[in-house]
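Let the sequences and hints guide you as you build the complete structure.
Going down the list, the sequences are from chains Z and D. Taking our numbering, the leading residue of the first sequence gets 20, the next gets one more, and so forth. Taking our numbering, the leading residue of the second sequence gets 1229, the next gets one more, and so forth.
Quick caveat, the hints were computed from the structure, so don't treat them as lab data. Here a beta-carbon is modelled for each residue, glycine too, at the ideal position from N, C-alpha and C. Please note that a few of the clues may not be correct.
[What the hints assert, rightly or not] Quick partial rundown of chain Z residues pointing at chain D, CB under 10 Å, derived from the structure:
#1 Glu168
#2 Glu172
#3 Met173
#4 Tyr175
#5 Arg177
#6 Val180
#7 Lys188
#8 Asp254
#9 Ile255
#10 Val259
#11 Asp261
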Amino acid sequence: MLNLKAIERKGGYNFAFLDENTKREIRRKTLKAVAIPGYQVPFASPELPIARGWGTGGLQVTMSIIGPDDTLKVIDQGCDGGVNAVNIRKLLVKTTGVGTTFDTAAASIIQTRHRIPEEPMSGRQILVLQVPIPEPLRFVEASMAKTREMHSEMDYSRMWVFLYENIVKWGEITIGARYPSLVNKRYLIDPSPIPRWDVPKLHMAETLYLFGAGREKRIYAVPPHTSVEPLEFEDIRFRVEDFSGKACVRCGSDHTYMNEIYGGPGGGKLYVCSDSSRCDKLRAQRGEAKTHAGK
Amino acid sequence: MPASNAFVLRVTNLAKRYGQGCPSCYALTGPAFATNICPCCGSIVACHDIGFDLEEGEILGIVGESGSGKSTLVRCLYFDEEVTGGEAFLAAYGKGGVNLFAESSQRKRFIRNHLMGMVYQNPLLGIKPHFTAGGNVAEKLLTADVYNYADIRARAASLLTRTEIPRARMDDFPARFSGGMQQRVQIAKALANNPPLLFLDEITTGLDLSVQARVLDLVKEIQRELGIAMLVVSHDLGVIRMLADRTAVLKNGRMVEIGLTDQILEDPQHQYTQLLVHSML
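Structural data, given as structure tokens:
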């Protein structure tokens, strides 16, 4: 297990690595993004000690909003121990000295890649998502000049035709992650590569969601209590992944997003919670329950 | 023409100029000078002082030689081009009292998607070859806010059947269709949202004769059954004679004559129209 306390703040860098002017620019762009839900705001995205495309968008958003009293949680595909999460956490702690946690409920800022935690979050928390491709229309239009025009005129017909042809060809919509969703009935967003399972969590949430794309230099946001509707036909509705009849081999939970791994007896399939923190928590709670029962 | 008649589309003083322009552009071009290029600044006056009313269920033909401004006129009316001046009113939009050209691009898109249909000479301008035939019709329906998959499917199938595209080819790509079939897919797409107004720009040019006849039959049938008002652009007087109730003649970006098609063809008044009619084979 990682020893969170072993990481200490190193001197020689400004608080949270970025200089104050850069942080201020990112905060200003973030405010604009919150004011226009779902609109992609361009920002400077300067160089960082990690390469673009490895979470630099989310990292910069976190760096610009973090304060000494914050408690940080960083996850990669639902796991606190993923290599991307570990490196980002180390960089942030070394340059800020903030406390970190694996516990979703205890964190004030959660930076994440590809997942939204299973545990419900509150209005005191901010979720920062790392985004590889902020443009939902990239599926159907290569030119960024054209997609900007399409957004400004709310012309999403080509995305709709894409979905229509998906159904014609496959009988259902085959987009797994990055499901295009309409924010506040106005802007179409790419909710980052979260699975469909997580998309409904964005809708009318308590929590502020900030999306940072470092390579593409865009910030966008879903503020609390904002509608986020996945595109769906009136008669063919959006649906999340189906895990019915399957349960996590570690915690036994049957209503979380699960990873499928080969490793069972005879090379069979196993299912494990993708959100490791919740899985651990549930196991710990069950352990407690056992000791209580044993007394 | 009596002004009391209900109009579907009213156009007044439409002008379109390419180039920087100068004060004498309009004064020094036109049929009287046999040019639409301004001798002072070199700007091209594609259309100037064009005005007409299109009535309910009427087909208005627009004829003229290459470069007379026919296509520019319909492209302006369909918002493909930004006009330099003039006004257009649509009875179905804002009770006919709102100048369409002054609306925002978002509103223009609404008008175009909900109240107009367009068939271009080149089918690939109107349809997307990498969407299926059904997908192309679906696109027009989706832009007109129809979001029921089964309804879209059924409507696309009926329109494509109507335009003689076999049901079996509904989910094929128009890139693999013949030119005539592509044109018919384009017509099906243009009709998808039941528009009160349809623009047809040289739709039979480049098609072989039997296909031409079928496409014209189709247009005529659609007009008779659905009562859609149409603006038909053609340099082919045979097409105009067959389709149009009234005809306007364009020359060097100006409208030189407008009247009943029979009258234009049998008793042309303007010198250019006389030349045009007498050149007919």
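Against the structure, the hints:
1. This hint holds: Glu168 of chain Z has a C-beta 8 Å from the nearest C-beta of chain D, less than the 10 Å allowed.
2. Given hint, Glu172 of chain Z at the interface with chain D, holds; its Cβ is 5 Å from that chain's nearest Cβ, closer than 10 Å.
3. Of the supplied interface hints, the one on Met173 of chain Z holds, with its beta-carbon coming within about 7 Å of a beta-carbon of chain D, less than 10 Å.
4. Given hint, Tyr175 of chain Z at the interface with chain D, holds; its Cβ is 8 Å from that chain's nearest Cβ, closer than 10 Å.
5. Interface restraint check for Arg177 of chain Z: the shortest CB-CB distance to chain D comes to about 7 Å, inside 10 Å, so the restraint holds.
6. Taking 10 Å as the C-beta cut-off, the interface hint given for Val180 of chain Z holds, the closest approach to chain D being about 5 Å.
7. Interface restraint check: Lys188 of chain Z against chain D, minimum CB-CB distance 8 Å, threshold 10 Å, status holds.
8. For Asp254 of chain Z, the suggested interface contact is upheld, since its CB lies about 5 Å from the closest CB of chain D, less than 10 Å.
9. The beta carbon of Ile255 of chain Z comes within 5 Å of a beta carbon in chain D, closer than 10 Å, and the hint placing it at the interface holds.
10. The closest approach between the C-beta of Val259 of chain Z and any C-beta of chain D is roughly 19 Å, which is over the 10 Å cut-off, so the hint fails.
11. This hint is violated: Asp261 of chain Z has a C-beta 20 Å from the nearest C-beta of chain D, more than the 10 Å allowed.
Figure legend: structure checked against the earlier numbered hints; hints not met, in rising order: 10, 11.
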